[in-house]
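Trainee: For reference, the chains in residue letters:
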Amino acid sequence: MTSIRSSGVATTARPRAGEDPVLSSPLDSRLRGNERIKAARTFLLRHPGIVRLGAVVVILLVWEIAARFFMDPMFISPPSRVFASLGRVLHTAGVPDALQLTFFELAVGFAIAVAIGLPLGLAIGLQPFARRSLMPIVLLVYGMPKITILPLFILFFGIGPESKIAFGVAHGVFPIIITIVAGVQNLKPILLVSARSMGASRWQMLRWVIFPHMIPSFFAGMRLGMSGVLLGVLLAELYVSTAGIGYFTTMFTENFQPTKLFGLIAMLAAMAIALNEMVRRAEHRFNRWR
Amino acid sequence: MSTGEIAIRIKNVGHQFGEAGEARHVRALTDTSLDVVRGELLCLIGPSGCGKSTLLNVIGGLLAPTGGTVEVAGKPVRGPMPGDIAYVFQESALFPWNTVDENIRLGMRFQGVPKSEHAGRAEKSLEAVGLAEFADHYPGQLSGGMRQRAALARALALQTGILLMDEPFGALDEQTRMILGEDLSVLLARTEKTIVFVTHSLGEAVFLADRVAVFSARPGTVKKLIRVDEPHPRNPAFVTSEKFTALRNELYDLLHDEIRAAVASEAPRRRRGANGGAP
Ligand SMILES: Nc1ncnc2c1ncn2[C@@H]1O[C@H](COP(=O)(O)OP(=O)(O)OP(=O)(O)O)[C@@H](O)[C@H]1O
Ligand SMILES: [Mg+2]
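Residue numbers (my numbering), protein chains in the order written: chain H, 47 to 336; chain U, 704 to 982.
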């Protein structure tokens, strides 16, 4: 196979090398162009990062041009100015505290969401009866737009960080439960049976069979839970603005300071990306066997 | 071998899944009595669905029968007996996230083997199945045959007196199966294990077994016991001998009627299933 292909290359390459004007026809040069395109394609297919970077650059460029020449600077700010302003935003009175507060709410909310979601997901997933009786409720509450009951959260938990954390948990806990339940269910029963036949205790089955099996869905759940908590915390902050990033985004919007607004959002995005990347790294370490 | 002591005593065991009248009600096994002699390899063969796996699970304590009792080493079986019984299942029951070596150690940890013995036993059992070089491979990196050998190694490391094997080579091709059968016969000659082995292959049954229990169609019970008088390890030449062929033909005749009966009893079930009944 390889020998046939290499000899084929050799014969098509010969007219190219032996500058024969008669043999290097327009057809031949078009063929050569095709080959170059093909080579570029295989190169790009091997390096998706380049395409990704390109896409981001294009979007930023469109944004930059639109913001500079076509839009009202009251409403939008070009990315170059946003990046230049990052330092200033960070030094705006109250912003560092706001970042810190939001980060604290996020961390606590996430910890609580995992602490509730993981055991609940395992309990519901491992028991068919619990699954049949409780799962519909979980799905119902998950599907409900929780923003409609945000006032209730404020009523119960006040306007401080507690209500933000609680609202974050409300958004984060259900994706975790649902992913864990789904993950438990595709465990091959034979693995549990075989562990039992070798004398595994309930704890040992949990530790050595169910947990390792759950790792991929655990991390998937963590990531979904993380974005859920982020959403919940920020929504709550936007609604009751006394502190935190949500407070400042509202303020910057109302004062027509798009540069600062986008700067703050960029920081928030960086925070989310950093958290996500941490989860992804941890996940990678556990998935050696795949 | 008939004079040896009884390793497994199966007394009037029957099992039905679900209650009479339920859609999933199945009488899988009925009034089965059978003694397995210490050190023998007993093959169970019979039509699909006649309750062979059910019986194996009852022996292994993974399933409580609805009738009858099983005794292992004189004690009634009430649950898994990891100290006495090890299992090799048809599909790979290795933990995919652990290497072969880790799988074997995990089995020993479950069984309660002191940690100091893990390394030695793992190494020995891997050598016995010829997988020493693949200790650090994950199951996903092995072929089907190697996976089943790894599963066998895990069971061997548990050093139980009894080995239950449910179509362990069922998913493998004929050639691999033959080689693994030969290896198992060699292994058997070396150890003093009692093995109950479920198979669908007539040749495999005759080649491996000291006795073959032929099951009737569902609800299954032992229809006939056939003795194979040939010392282990069995020679590949045994396969081409007249004795082998005669035994194989005898098995075929016995099974043929039962399989017809099983297929006939399946037919009305299947029609019901098409109308939205039990799967
Ligand atoms: N968990 C279960 N619930 C209900 N019925 C079952 C269950 N397990 C097995 N059965 C039924 O019991 C009967 C015997 O099953 P079993 O698995 O013991 O058959 P088998 O002889 O091992 O068949 P095969 O050779 O195909 O593996 C089958 O008809 C099957 O439908
Ligand atoms: Mg079976």
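Simulated from the structure, these hints should not be mistaken for laboratory data.
All of these numbers come straight from a predicted model, not from anything done at the bench.
Accuracy of the hints is not assured; some may be wrong.
[Unchecked claim] So the derived list for chain H, only partly shown, Cβ under 8 Å to chain U, looks like this: (1) 119; (2) 235; (3) 236; (4) 242; (5) 243; (6) 245; (7) 256.
[As the list claims (entries may be wrong)] Straight-line Cα separation of at most 20 Å, EDC-like style, residue types lysine to aspartate or glutamate; simulated pairs: (8) U:946 <-> U:961; (9) U:896 <-> U:877; (10) H:234 <-> U:734; (11) U:818 <-> U:839; (12) U:714 <-> U:820; (13) H:234 <-> U:836.
[Said to hold, decoys possible] With the Cβ distance kept under 8 Å, some of the chain H side facing chain U (calculated, not the full set): (14) 130; (15) 131; (16) 132; (17) 133; (18) 237; (19) 239; (20) 244; (21) 250; (22) 254; (23) 258.
Positions of the beta carbon are idealized from the N, C-alpha and C atoms, including for glycine.
Trainee: Taking the hints in turn, state whether each one holds.
Mentor: A quick look at each hint next to the structure:
no.	hint	verdict
1	119	55 Å, violated
2	235	10 Å, violated
3	236	5 Å, holds
4	242	6 Å, holds
5	243	5 Å, holds
6	245	3 Å, holds
7	256	11 Å, violated
8	U:946 <-> U:961	23 Å, violated
9	U:896 <-> U:877	25 Å, violated
10	H:234 <-> U:734	31 Å, violated
11	U:818 <-> U:839	19 Å, holds
12	U:714 <-> U:820	37 Å, violated
13	H:234 <-> U:836	27 Å, violated
14	130	48 Å, violated
15	131	48 Å, violated
16	132	43 Å, violated
17	133	46 Å, violated
18	237	6 Å, holds
19	239	6 Å, holds
20	244	4 Å, holds
21	250	6 Å, holds
22	254	6 Å, holds
23	258	4 Å, holds
Comparing the model with each numbered hint stated earlier shows that hints 1, 2, 7, 8, 9, 10, 12, 13, 14, 15, 16 and 17 do not hold.
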